[in-house]
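S.K.: Those sequence lines, one after another, are chains A and B. Positions in the first sequence are counted from 1; adding 2 to them yields the working numbering. The numbers in the working numbering rise by one with no breaks, and the one at position 61 of the second sequence is 48.
Please keep in mind that the hints were generated in silico from the structure rather than gathered at the bench. One or more hints might be untrue.
Said to hold, decoys possible - Here are the simulated distance ranges between beta carbons:
id : chain 1 : residue 1 : chain 2 : residue 2 : range
1  : B       : K157      : A       : A72       : 30 to 36 Å
2  : B       : A263      : A       : E47       : 30 to 36 Å
3  : B       : E108      : A       : E47       : 54 to 60 Å
4  : A       : G304      : B       : H76       : 28 to 34 Å
5  : B       : G49       : A       : Q291      : 35 to 41 Å
6  : A       : G409      : B       : P77       : 55 to 61 Å
7  : A       : S396      : B       : D194      : 55 to 61 Å
8  : A       : V28       : B       : R184      : 26 to 32 Å
9  : A       : G305      : B       : K299      : 45 to 51 Å
10 : A       : G240      : B       : E141      : 57 to 63 Å
11 : A       : V425      : B       : K157      : 54 to 60 Å
12 : B       : I138      : A       : Q291      : 46 to 52 Å
13 : A       : G240      : B       : S190      : 52 to 58 Å
14 : B       : D194      : A       : E47       : 32 to 38 Å
This structure is a prediction, so every number in the text was calculated from the model and none was measured. The beta carbon of each residue, even a glycine, is placed where N, CA and C say it ideally should be.
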Amino acid sequence: MSRDSSEVRGRAIQVLLIAAGVAVFVGAIAFPVGVLLCRVLAGPEPSGAALDFPLALLAKTVALAAAAVAVSLLIAVPAAHVVSRLGEGPVDLVAGVFLMTPLTLPAMVYALGWERVLPFPDWLRCVMVWASWSWPVPAVFVGRVWSRRGRKLYEEALLECDPFHAVVRAVIPVLWRPLVACGLFLFAFFLGDYAVPHSCKMVVYATELLLRAEASGSPADTLIASLPVVFVITLSLGGALVVWRGREVYQDAPCDGQGCSLGWRVVVPVVLAGVCVVVPLFVLGQRVQLGAAMEETLRIYGGDVVDSVWLAALGGLTSVFLGSCVVTSVRMRSVCLVCAMLSAVVPGAIVGGAIAGAYLSIAVIYDHWPIMLLGYVARFGWIGILVAQLARDSVASELMSAARADGASELAVGWHIGLGSNVGLLLAGAMVIASLCLSEVAAVSLLRIPQVNPVSLIIIEKFHRFEDGIMISLSLLIVLVAIPGAVMAGMVVRRFR
Amino acid sequence: MMCRIAGLLLAVGVLVGGSNGCSKDESGKERGQADAEPAVLYTSVDETFARQVIEHYQRSTGRKVTVIGDSEAGKTTGLVTRIRMEKEHPRADVFWSSEQSQTVLLAQEGLLGAYRSASAEDIPAHFKDSQGLWAGFAARARVLAFVPDAIPEEGLPASWEELGQPGRAKHLAIANPLFGTTRGHMAAMHALWGEERFRAFLSKLVDGGAIVTDGNSMAVRELLAGKVALACTDSDDVITARAKGHNVEMIFPDMGDGGTMLIPNTVALVKGARHAKDAKLLIDFLLSAEVEEMLALSESGNYPVRESLSEKLGVVVPEASEVSYEEITRSMDPAVLACREILLK
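Chain B with its partners taken away, still in its complex shape:
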């Protein structure tokens, strides 16, 4: 009997292997031929939106794309770690990130290839790397979410730093600042305010009783559950929750230089990409105004970085902080260290 089971097991393995491991793509080409394979895209954009965009690309160009997404827990950082690990044997051709800080880090580490896409010409310089290593579009904003019935709008802070005022932090939920967009937000605060002021702010949050959650959407869930009155998160989390019928609103607190932090999607060519030709075509598509418009009109509600597009769509883009993404990336390590030592102790 045991032999039969083992035989069955092997048979299942062979069958499955036959149907997947040695599969052909839809055009009937055998895998294993690099030039016949589709471009490989690593993306940390929410699967729902990434799928729509890639399906549109595949339909309109007839070209296939192999997509590997990220897990919700460690948004972006998982794929970035993977790209680092694979640097001797690159699997990814294109990296499409839902934020910018990890892309800038990859660029600094020499893991990205230069490509100045014609599609990115009308993107403002603030959202592009000067060496052509990455380009940004379709931004989200760092926002403070609240339930209108639970807190009057006049009771909301005008700046991020005001969250440290007595009585405010105990009503606040914030995602783990070591990961995702909260990490970049913390680094931006550090870059703008300097070490001492930033650490003082964190201490006030801790003393005030702010709670740290496992991700931005968890912070919003705590807000919707009535456990907190304010949640630091990204604009798309609030827009999505609103689209699902939840009563939640957002404001754009000032970072201290006149605006909040904008987090653009970023697209980059991975250094050593095996399918560079297809990868560049995919990058051209992703950076096009058409895709930026798709994301602006999606449930994610991204803010166009192209002024002409925001005017066309009638989207009011929040005032943006002017701290550069390179400065933010430089502040990443000291900001993370401070968060570890103060907020997560």
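Only chain A is shown next, with the shape it has when bound in the complex:
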């Protein structure tokens, strides 16, 4: 085969893949949003109750999310130090896996475990669960900046002043952007989360919206009721985007593993993962006779676990696939990014309602698993886009320029170099999204199908019915299936730093 025909074929495949990405984008985001708007405009007038915004509940939710962000950033500091020093050895791999494990497991499980350990008020447990799940996000980004620039600046500053002033003069100006951007991103995510507060017995704004979405026949009611929280989430994500875009792009190579002793590289990840993951899981496992409970769970719900896992995995892969297609297409990128971010600000209950309304008359989707897959992509596709953009940004610009100079098209540069060299990161992102899909409640509550009983909903039902054996067995099962994701993420974080 000649080189020309090979190029044509390659280009055709790329175009087809982009078309598939566009189809996913339209199917999961653009079409449901359009139908939702039409239903709102054509539907009955919103009731007076829709304008009765529960602002006290919003204030409570904002306070909870802000506290969780603060704790998360605090925990992330020592972890970031270790992330910045990870090398290529086996100890570093294990440290990376330990550091990424909390993020790859469903946070709802921690909540159920901590309930039995911490005699804390519910709100404090909710804050701790959010924080103990999310800290790897700021740890990775802060660690990356520290590794590539911060430490060098700090050491240079130390030649002229004491450590405190070195931190103020050199470290803070470099690290504040990733810290603030990650904080705002997590803040926005927590505001829309239903599963963790519910598992901690907390009523938050997302709880109210799900109840309203389930109880109201008018989509306008729920949409209007969501406006205050949508406004706050939009501000947060917009702020995160502005702060992130203003950062300097450091092309420095990451520093090697020096400066962080082997002991620290072992102790910090083990302590953090131990406290955040092992303790709640151990406590869960201690509560029941696990063997018998697991046997009963697998007998009754084995099929539901398998179905939930493959659907969540497909949700993760499809979200990242969508992101990959979006960021490699210059024309699509801005429009899709804006639309996906808009879907990010919309709470899960509205996403679920929009998808259900859009596909009501298409039985092949509405009555089967694609409706849930579309729900997952609509809910978490924006994270897929962020992961793909991150992968693309992590490639040195010189490499991309060289490829362009060699005659590669923009599409080929983005696809082969920007994403092709970061498959690990993309897969790790897919697995984190799959974990989110596994514990998603608000959207899938409105997208029930007979073939799949989502494991997240079963866990919540068992929680309510005091059936601890099955609830704990299901929780541990979804932790087991998430472990490969933790290993993958641990491997990736060493390269990404």
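Keeping the supplied structure of chain A fixed, place chain B upon it in accordance with the hints.
M.R.: Coordinates of chain B only, in the frame set by chain A:
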């Protein structure tokens, strides 16, 4: 590499689609043929009990049933909203609700079809729609749960209204009154007491410091955690918690007319049901004394509405309020409005 991943993704989709989307039922019939499909049941009954009942039906009749359940958060209201949304393209054939108020609403909105099941003949008229649009059985009761060690029984209120007395409300947990059975309970109070008295009661709860939880079982969890001394809930939540070894008891406070509110399961045929023949057979089964007995003997401990069955099982059914379910449904909107304006402010 990216192409390979995309290929893998598509392959997974095709495989999964092949195994699920185009699946056959166990009798080997292709889906897509309406008359060959099983009846579709929407149920808000707890999955554990619904599964047992449906498995029994499938075993004894050889007929399949497609079941879609509700989420715990918005019990019943989620499925009702779905039935409303689907009215042009009905998916459900039978609606089996764990309570009555939403079923009555669906009947009033013209979304249910009439069917007088022979199985329901021995069910008292109070638990049936006069037009044959729904029938009730296997009731739960609205109860006040308490931990015996934490509060002496003589310190408990004899009526629901006494919860508003000074010092009582601050020890009380109540589920969000906009949803689920608490919504129906509030509407029943409104129907019996009238607007002014009901609003005064809510104000006393608020002033007294009652806490609102996300669902009945959450109220019971607050009770078991020692955060409150009393929880308004349904009898099955208490019976389930007791079965799991928790030290919790319940009383049946008076609504003001001699009894507490009974919440029957309700079964109805959805208007425009695509599998009407199978749906009617399923309704006959669900309304049978056999199923009512199953639910009475289950961990849910439902109270039979058939007197003969309660005598047979030796179950003491609590005194029931006589307010009609239609009156309760009529009071739903003003009660919800009052709850929004007072209790949830």
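S.K.: Run every hint past the structure and note whether it holds.
M.R.: Now for the hints, and whether the structure bears them out:
Our hint of 30 to 36 Å for B/K157 and A/A72 holds, since their Cβ atoms are close to 31 Å apart. Range check, B/A263 to A/E47: Cβ separation about 35 Å, and the 30 to 36 Å hint holds. Separation of B/E108 from A/E47 is about 44 Å and departs from the stated range, judged on CB atoms against 54 to 60 Å. At roughly 33 Å, the beta carbons of A/G304 and B/H76 sit within the given window of 28 to 34 Å.
Distance hint check: the CB atoms of B/G49 and A/Q291 are about 36 Å apart, consistent with the given range 35 to 41 Å. For A/G409 and B/P77, the Cβ-Cβ distance of about 59 Å falls inside the hinted range of 55 to 61 Å, so the restraint holds. For A/S396 and B/D194, the Cβ-Cβ distance of about 58 Å falls inside the hinted range of 55 to 61 Å, so the restraint holds. Distance hint for A/V28 and B/R184: a CB-CB separation of about 55 Å, inconsistent with the stated range 26 to 32 Å.
Distance hint check for A/G305 and B/K299: the Cβ-Cβ separation is about 37 Å, which falls outside the suggested range of 45 to 51 Å. For the pair A/G240 and B/E141, the supplied restraint of 57 to 63 Å holds, since their beta-carbon distance comes to about 60 Å. In this structure the supplied range 54 to 60 Å holds for A/V425 paired with B/K157, their Cβ-Cβ distance being about 58 Å. For B/I138 and A/Q291, the hinted distance range of 46 to 52 Å is not satisfied, since their beta carbons lie about 32 Å from each other.
The beta-carbon spacing between A/G240 and B/S190, approximately 42 Å, falls outside the hinted interval of 52 to 58 Å. For B/D194 and A/E47, the Cβ-Cβ distance of about 35 Å falls inside the hinted range of 32 to 38 Å, so the restraint holds.
Going down the numbered hints, you'll see the structure goes against 3, 8, 9, 12, 13, while the others check out.
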